[in-house]
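Given chain A's structure and the hints, the job is docking chains B and C onto it.
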Amino acid sequence: MIAYIIRRALYAIPILVGVNVLTFMLFFVVNSPDDMARVFLGQKHVTQQQINGWKSERGYHHPLFYNAEAKRAKKFTETIFYTKSVRLFVFDFGRSDSGRDISFDISQRMWPSLAIAVPQLIIGLLVTITLALVIAFFRATYIDYWAVVICVALMSISSLFYIIGGQFIMGKILRVMPISGFESGVFGIRFLVLPIIIGIISGIGSSTRWYRTIFLEEINQDYVRTARAKGISEQMVLFRHVLRNALIPILTGVVVILPLLFMGSLITESFFGIPGLGSYTIDAINRQDFAIVRSMVFLGAFLYIVGLLLTDISYTIVDPRVRLS
Amino acid sequence: MFGKPVFLLTDIMIFGLLLGIVGFFLYAMRKPHLRQPWRQVVRSKAGVISMIVLSVYIGIAILDSLHFHPIVDKRSGQLDAVQYSSEVLSVFDQILSELRHSTEKTYSAPFAAHLYAKETVRLSDGTKQRIYPRLSWGGAHLGNPRGEKATDIFKLALIGVIKAIIVWVTLLILLCACLSIRNQQAFVKTVLAMISGASDVPWKTIVTTLLIVFLVLLVGAEWAAKYHVLGTDKVGEDVLYQALKSIRTGVVIGTLTTLLMLPFAVTLGIMAGYFGGWVDDVIQYLYTTLNSIPGVLLIAAAVLMLNVYMSKHAEEFASLTQRADLRLLFLCLILGVTSWTGLCRLLRAETLKLREVDFIQAATAFGVGSAQTICRHILPNVMHIVLITLVLDFSGLVLAEAVLSYINIGVDPTMNSWGNMINGARLEMAREPIVWWSLAASLFFMFTLVLCANLFADVVRDALDPRLAKR
Amino acid sequence: MSNLLLRVDNLKILFESGQRALTAVKGVSFQVRAGDTFALVGESGSGKSITALSVIRLLPAAARVASGAINFDGVDLLALPERQMRDIRGRGISMIFQEPMTSLNPVVKVGRQISEVLMRHQNMSKAQARQRALDLLDAVKIPKPTYTLDTYAHELSGGMKQRVMIAMALACEPKLLIADEPTTALDVTIQAQVLELINELQQQLKIAIIFITHDLAVVKQVADHVAVMQAGIIVERSGKAAFFSRPQSQYSWDLFAALPSMEKRGQPLLVSSHRNMRNPVTKERNTNHALRVKNLKVYFPIRKGIFKRTVGHVKAVDGVSLEIPAGETVALVGESGSGKTTVGKGILRLVQPTAGEITYAGVPIHEINDKQLIRQRTNLQIIFQDPYASMNPRMIVGEIIEEGMKALNVIADAGVRRARVLELLAQVGLDGRAHLCYPHEFSGGQRQRICIARALAVNPRIIICDEPTSALDVSVQAQILDLLNDLQHQYGISYLFITHDMSVVAYFADRVAVMYQGKIVEQGLVERVLIDPRHEYTKALLSAVPELVPPLPAANCKHTLSPHKA
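Protein chains in written order, with our numbering: chain A, 1 to 325; chain B, 326 to 796; chain C, 797 to 1362.
To be clear, the hints were calculated from the coordinates, so they are not data collected in a lab. Check the hints yourself; a few may be wrong.
Taking lysine-lysine pairs in the DSSO-like style, the calculated list, with each CA pair at most 30 Å apart, reads [claimed, not checked]: (1) B/LYS430 with A/LYS55; (2) C/LYS1202 with B/LYS678; (3) B/LYS443 with A/LYS172; (4) C/LYS1002 with C/LYS937; (5) C/LYS1016 with C/LYS937; (6) B/LYS678 with C/LYS940; (7) C/LYS1315 with B/LYS678; (8) B/LYS356 with C/LYS1093; (9) B/LYS678 with C/LYS1016; (10) C/LYS1104 with B/LYS678; (11) B/LYS637 with A/LYS172.
Computed beta-carbon distance windows for the label pairs [claimed, not checked]: (12) C/ALA1037 with B/LYS370: 56 to 64 Å; (13) C/LYS822 with A/ILE143: 30 to 38 Å; (14) B/SER524 with A/ILE143: 24 to 32 Å; (15) A/GLN50 with B/TYR634: 18 to 26 Å; (16) C/LYS822 with B/SER524: 25 to 33 Å; (17) B/ASP790 with A/THR141: 39 to 47 Å; (18) A/ILE143 with C/ALA1037: 23 to 31 Å; (19) C/ARG860 with B/GLY345: 41 to 49 Å; (20) A/LEU126 with B/VAL367: 45 to 53 Å.
Predicted model, so just to flag it, every value in this text is computed and none were measured. Where is the CB? At the ideal position from N, CA and C, for every residue including glycine.
So that you can see chain A by itself, here it is in the shape it has in the complex:
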C-alpha cells in the first residue's frame, strides 16, 4: 500500500517536469522576452533600451538555458529557465509582471475561492445524487423520460446564461441579494449564496444525467436481482445496494477535482466580483501578465496530479476489490 503510493508519487515527478518544460517552451521559446516586452510596453516607438529595462526589472534579461558569461554553477542558475521554471518546483512563483509577490497573492486569494467551491461541490453532489436516485427509481416511466429531457435541456444552456439570468432575477427583479461583491467574515455569506446556487443549478443537468446512467448500469447487475429475491423493497435495494456500488465511481470522480477547487472558477468569480484565484487568473489573462498565467498553469498541473494520487488512494479505501490486490 505505502509502496504503491510512493510509486504513484514518484510517477508524478516526470509529469511535472514535462508540464514545466512545456510551459517554458510556450512562454519563452515561441516568443522571445523582447516580443513580450514590446506587447507590454505598447507596439510602437519602443526603444531597445526601454525593452531592456522592462526585462531586467522582471528578470527576463538572462539567456534562456545557458549563461556563458556567468561563473561556474551560475552558468546554469542565472538563466531564465532556472529562475523562472526550475524555481516553480519549490513553489517559488516569484513576482508578477506588475511587480507583486505571486505566492502572497495566491495565499490570500485561495480562501474566497474555497468559500464558494466547497459548499457548491457538497450541496451540488447531494442534490444531484438525490435527483438521480429518484429518477432511477422511476426508470422506464414517463417521469424518467421527461426528467432526462429536462436534464438535456438544462445542460444545453450556456453557463453564461445561468450567471447572467441568475444575477438578473435575484439581484434586479427580486432584489434579495447583492449581485456582486465580497466581504470576509460571517456577513460575507450573503455574497456567496447567489454564486453557489447558480453554480449548483448550472451543473445539475449534466451530473444528474450522468449519475442516472451510473445507477441504471448498477441496477442491471446480478447482485441487485439477488437482493430483490431476498424480498427487500425497491427503495432499500436502491439505497443499500445500488447506491453503495454507484458511489464508488461517483466519489472517485469527485476526488480528482478536489485539489483543483483551490483554483476557483474563472467565470463565476469574475462575474460576481469575488477576489478568488479564478478572477485573479482572469485579470492576469486580460492584463497579459505572463508570470501569473505561468504560475497558475504550474499550480493547476500540480493540483491535478495530487488529485490523481488521491483518486488512486481513495479507490483502495472505498472499493474492497482494489484493497487487497
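Frame of chain A; chains B and C shown alone:
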C-alpha cells in the same frame, strides 16, 4: 458570379469534412452493420427533429463558408480589368446583404421603428427637441408607425405563412412521389401510409418539423426585410445578422476541433493499447502531462502567445478576415490539444480489451501483421467510439467557445460569434432601461444548436453503443 | 403423496421489444410437491429460466406474464400486490443463481448480506442476525465461518460464493428453493460438493426445489421429477426413474443420443452425420509429423514494490511435455485455472513460452524467428471456445475464411480463393450463400462451423481445439464433434482437444493428459486413464463426474433412426 473565390483555411477543412461525411455515408450504405444503427437514428423522433434543425444550421454554416472577393463597381476608363474588393464576403453575406447594410445609429428594440435612445433633433421649424428619432431602415416604410405597425407585422407574417405552406406542400408532394417510386406503391397509398404513421420512420414528426422550420425561416425572412427582428446593438448593427453569422463560428469550432485531434487520438490510442510496453508508457505519459494542465489555462497561455506572435508578425496576414480565420483555426487546434486525451484514453482501453479477444488471436495465428490487424480488426471495432465522441463533443465545444470568447481568449474580437455577442452585451444588462435582445438572441441561437446536438448525440450513442444494444 | 406446494397453469410469457412481442413461454403447466426436487431441463433458449423467474416474479423488464396462473401454497402469486410478494420472496420462495461471481454485492460484507434477509423477514436484531448468519455459514460447511462473515465476495472462491448464496437463500427456511443452474459455472469437483450440500440441506429442512439445468447427469443426481422444456413448451413430464429408463418424447431421446460417452466411441453421435462419413481414411500413424512439446513453461511475472520489480512468477504452465501423433486426438483435461488454455496458446506462440521445446515435423517452433513462424502457421491452427468472440463482427464470413489464406499466401488467386471458401463452407455443412453474411446472423453452432472452416482453409496438420463445444448445447456439441471426427477421418488432422468435460474425452480422444496446477499429472490412452486412473487427482476428478447411463436405444429403436432436426 459575385466575384473572385477565396478559400480560407477553415473553408477548405469544412468542405473536406463534408466530403468525408458524404463518403462515409455512401460507404455505410453498402455495409449492413454500419447502416443498421443509422436506420435506428432515423427512426427515433428526437433523432429526426434534431437532424432537421442541425441541417439548417449546418446549411447556413456551409453557405457562410463560400467566400469571395466581391466585384467593385466598374468605373469608367477601367473597363478592361475587373476590380475586386479586398473585402472578403460569403454567399450567405450576399443573401443577407440587406441586413448587413441596414445599420442604425445605436440600440433599437426588436421590431422598433424608433431608436432606443433620445436624441436632440432640429425640427423643420428650427426648434430643437429631444425625441426618439425614426430608424433609417427598420420600419422606414411606415407612415405612422404607432398605428400601422401591428397590422403590418401581421400582414407580413401572413405572407410568410402562405409562402411557407406553398414550399412545404411542394416538398411534400415531391417526397411522396419519390417514396412511392422507391416502394413501387400508388401515390395515394404512400400519402395515406404517411398520415397513418404505419412506417417505422416517424414521417409525421418529420413533416411537422419541416413545416415549423419553413414557417420560422420564411416568416422571419418577411419580417427581416422590413424590420430589425431582433433589434440592433450599440453601433446599430442588426442583431439577427450577427446571430446568423455566428452560426458558422460555432459549427466550425464544434466540428473542426474534433477533426483536428482525431488523427492523433486514434493513432496514439490504438497504438498504446495494441503494442503495450514502452509505447504505452510514452503515450500515457504524453496524455497525462497534457491533461494535467487545466484546459482553460493552457488555452489562455496559448492564445496569449498567439496574440504576441500575431502582433509581431502583423504584416504576414493579407486581411483582417484571414487573420481572424487563422485565429479561429488555432483555437480549434488548441481546443483539440486539450480534448484529445479523453478519446485517446477511451480508445486505449477498448483496444486493450479487443487485443485479448479471440478474433484478434485468430488473426495472429494466421500470421496477419500488426498494421493489417489494426486496420482490419481493431479500427472498425472502435469506430463507434470515435463517432460517438465526435457528436458528443460538438455541443460542449460550442458552449466552450462562448465562455472562452467571454474571457477574451476565444475567437478574434472582429469575428461574429455568440461568445463575442454575449461579451459585448453583458454590460447592457445593467443599463436602464435594460437592453436584452443581443443577449437573448445569442443565447437562444446557441441553445437551439446545442440542444439539438445533445439530443442527436444521445440518439447516436444509443444506436452505436453495442453495450446499450444488448439490453 | 405429499401435498401440493406450487402449481403453474398454462403460463405464457411475452418478451416485448418495441412493437414486436415474442412468446418465450407458450403455455407451461407443472406442479411441485412439498419436499420434492423438480428438475426443469432444457437447452439454451428453451424458456426454463424465464419460467422460474416468473414464479418468484423477478422477470426482466422486457418480459411479462401474458396469461396463466401460479399458485404457491394456496396463494395466487400473479394476483398478489408487490408488497406482499416481497414478503414471500426470501421467506416462502428463495432463489440461487447461475453466476456466483456477480450475484453477490461486491461492496457489502458477506455476513451483512446474509443477516439482511434475516432482519427483513424474522425481525431479528443486528446481533441476533449475525449469530444466525454464523450458524448458517457453518451449516453450508464454510471453513472459518467467523472469518468469512467479515469478508467481501471477491475474497471467496466460486464454490464458496455459491455456498454463501445457499446460506442466504435458506436463511429463513423457505418452502421452495429455485436453483437456476447453480453448478454450471463451477468445476466438476466443486459441483459435486455443492450438489451434495443442497441434497443434504433439503433432507434436513424438507424444502422443495425447482432445479433448472441443461445437464442430464445432474438431473439424474438430484431430481425426483423431471420436466423437459423445448422452445417454450414442456415436451415431457415424468418421474425420475421413468425418465431415465424410458423417456416419452422424441426430444428427450435426442438429448440422450447426443450425449458423448465411452460406449459411443467410433460411431457418430447423430444419425444424420452419417452422410459426411462416406470414405473414412484409416488413421495414418506418421511419427515424423508429430507435434512434440517438451518441458513447456509459461510464467507470468508478478511485479511489486515501488519500482515494480519482478518478485515472483505465476507459473501458469510449469513443465508440460506432450506428444501429439499425426492423425490422433489428444485431450488435455483440467479444471479452470489449471493452465490448459495457456498450453494451447503457448504451442502456437500466441503467448510467448518462458522455456521448453516445441517441435513440429522436426522444426523447432519455440526458437524460429517470426518469418519462419508465419510459414509454420499453415500447419498449426486453433479453434476457440467462444464462437461469439472468435470472429470479427465487422467482416463477412467470406472475408473471415479468406483472411488466413491471404495472409499466409496459401492461395494467391482471388477467384480460386473464392471457390475454396465455398468448398469449405460446404464441407462444414453450411450453405454457400453464408459467405456474404455477417457472423451475428448465425447461431452458436453455425459460428463454430465457420471457425472450423477458417482453420481448415490453410490446410493445417494440427488443430488446437480450445474447449470448442463447452459454450454449446449438447445437441449442437454432438454436431460439432461429429464434424471434427469426420474431418479427421478425411484429412488425418491431429487435434489437441482442450476440455473440462470427461464424457467428451471418453468419446472423442485417443489419448488424454490430465492437467493440475500447471503440470500434467497423468497421461496415457483414454481407455487406460479413464478406467484405471493412477494419480489421486485423476481419481478425484473422475469420481466427481456424475454418472449417467443413457436409456438403451434398443428399447426405442424407431426414435433413434428417425432423422434429427437441425
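Quiz item: Does the hinted range 45 to 53 Å hold for A/LEU126 and B/VAL367 at CB?
Solution: Violated, at about 40 Å.
Quiz item: Would the pair C/LYS1016 and C/LYS937 pass a check requiring their Cα atoms to be no farther apart than 30 Å?
Solution: holds (24 Å)
Quiz item: Quick one, are B/LYS430 and A/LYS55 close enough, alpha carbons at most 30 Å?
Solution: violated (45 Å)
Quiz item: Holds or violated: C/LYS1315 with B/LYS678, Cα cutoff 30 Å?
Solution: With a Cα-Cα distance of about 29 Å, the restraint between C/LYS1315 and B/LYS678 holds, given a limit of 30 Å.
Exercise. Please test the hint of 56 to 64 Å on the beta carbon pair from C/ALA1037 and B/LYS370.
Key: holds (59 Å)
Quiz item: Is the Cα-Cα distance between B/LYS637 and A/LYS172 30 Å or less?
Solution: violated (45 Å)
Quiz item: Taken at face value, is the distance from the CA of C/LYS1093 to the CA of B/LYS356 at most 30 Å?
Solution: violated (44 Å)
Self-check item: Hint check for A/THR141 and B/ASP790 - Cβ pair distance inside 39 to 47 Å
Solution: violated (23 Å)
Practice problem: Would you check the hint for C/LYS1202 and B/LYS678, treating anything up to 30 Å between C-alpha atoms as holding? | Solution: holds (26 Å)
Self-check item: B/LYS678 paired with C/LYS940 [C-alpha distance capped at 30 Å]
Solution: Violated, at about 37 Å.
Quiz item: C/LYS822 and B/SER524, beta-carbon distance inside 25 to 33 Å?
Solution: holds (30 Å)
Quiz item: Is C/LYS1104 within 30 Å of B/LYS678, Cα to Cα?
Solution: holds (23 Å)
This entry does not satisfy hints 1, 6, 8, 9, 11, 17, 18 and 20, going by the numbered hints stated previously.
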